[in-house]
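Protein chains in written order, with our numbering: chain C, 93 to 507; chain Z, -19 to 103.
Worth flagging that the hints you see were computed from the coordinates, not collected in a lab. Small disclaimer: the values here were computed from a predicted structure and weren't measured. One or more hints might be untrue.
What the hints assert, rightly or not - Over 10 angstroms on every C-beta distance to chain Z, these chain C residues come out as not near it, computed from the model:
id	residue
1	262
2	263
3	264
4	272
5	342
6	352
7	450
Stated by the list, open to error - Chain Z side only, calculated, beta carbon under 10 angstroms to chain C, not exhaustive:
id	residue
8	-19
9	-17
10	3
11	12
12	73
By construction, the Cβ of each residue, glycine as well, lies at the ideal position given by its N, Cα and C atoms.
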Amino acid sequence: MVSTEGNEQARAATEEVARRSYGKLVAFLAARTCDVAAAEDALSEAFASALTDWPRNGCPRNPEAWLLTVARRKTIDMFRAAQRHPSSPDELELIDAALEAPGESEIPDERLAMVFACAHPSIDAATRAPLILQAILGLDATRIASAFLTSPAAMGKRLVRAKEKIRQAGIPFRVPGQDELPARLDTVLNAIYAAFSEGWTDPAGADAARRDLTDEALYLSRLVVSLLPQEPEALGLLALMLHAEARRRARRSSAGEFVPLAEQDQLLWDHAQIAEAESLLHRASSLRRIGRFQLEAAVQSAHVDRCRNGTANWSHVGELYDALFSLTGSPVVLINRSLAVAEVDGAAAGLAAMPDQTADPRLTEYQPYWAARSELLARTGAFQEARHANEIAIGLERDPAVRRFLERRRAALPD
Amino acid sequence: MQYLLLLHAEEAGFMNMTPEQQKQGMAAYMAYTEALNKAGALKGSNRLQPVATATTVRVVDGKTQVLDGPYADSKEQLGGYYLIDAPDLDAALSWAARCPGASHGIIEVRPVWAMGEPAPARA
């Protein structure tokens, strides 16, 4: 007879191991079978076995090795029963040997190799971030789908297809060598940032799936930094996300209203996170290889400095955006740059620096473009046009708090 | 694993070259083929006659339909292939990037369906 207490202890123990070791175990299994789906299935069966075994026999001394041993057996059974590739007895034997837990020593941490497989350029770009979240963190398709605003069925299909591609196309589980690393690290960092941004679209943190996504992205980013401490862009991305995260609580008033940066209560900022971001950025710049994420983090750093110390640093911000634009050519950068230009040279100069909406039709659906236009138009006294741009911005916004903010801006416009 | 590198390019490109340029182009392909061979990666390779020589065949309701011309009527046409042995996709991609065809056309890299390997799970 198993006591309820034993059950609860076992459940707590498996949850603890799951949190700490899930991604590590999936990576270990998948790197040897090239089969992420099989690794996930085998591991989830191993966790299910743990829930029945550990209450009876006590929690094993090395829970990771216990789970790996069970998952290894399940994998071989699965391949044999389904005659799944690879299915010849010789191959099965090879895989069985490769999956053996490495004795008393630590199970090697191959999560980063799996992250690189998931963010491989041959995987559909929109699926890379969801795939990493699933393979490394074990998030299910439903939760990922809600965070990325797609249907669970569609997300499930995309994830299955991507895992099939890894297996069938022979995508390697390997951190690329120095010659390839810069280009490949880029897709990894972009995928992590995409996960973070999806979480960030719910700044009030009302939606648990989204809020968790920012935590998970921070965790992945820390993982990349700890495994590649000499990569300045990895440091830059973590710094950028910490800056955004540090101001989360200040972005909404107690009534749930949107608060723009200049009006935020700095007591609500997380100053420890800001300090960490600053020191990461410092480390990154000492490596002397500038990049997109470092520049974006530097912009955040400049904003913080201005708000805290009243430093008039808009021309510095403008220079950072210049550098960013030369790297990315992104019209979004031009929008932000034009706001900095307006602070230095006046609203008319800012308007002139805005990207041309007719040149890039995506801008017509981009809320920040219209909001920025409206602000600058109002400052030049073109209230009619400002009101028009503001209305479009409201129509494009999906966050009610931001919508109300824009409505207040409109109400403040003179006739 | 085996991968098929499918070389797609505009046929007119080669036809419009001077004889000297054509010779250089051929030499580049020969060097590439030799490099694959030396590395033990080459399993097979062929250059195809122009699409003007192509014929498509299909059987519809028991009747054989034969049509003049290639299957896909696109600007770039399949002009040849390499069948190579590579440990993984990255190795295959790096061979594809070295192929002269990557500089004047597009190379599609496809893993070969190994004998006995079952169909992929349906998504």
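Each hint, compared with the structure:
no.	hint	result
1	262	violated, 5 angstroms
2	263	violated, 5 angstroms
3	264	violated, 4 angstroms
4	272	violated, 8 angstroms
5	342	holds, 43 angstroms
6	352	holds, 44 angstroms
7	450	holds, 29 angstroms
8	-19	holds, 5 angstroms
9	-17	holds, 8 angstroms
10	3	violated, 32 angstroms
11	12	violated, 20 angstroms
12	73	holds, 8 angstroms
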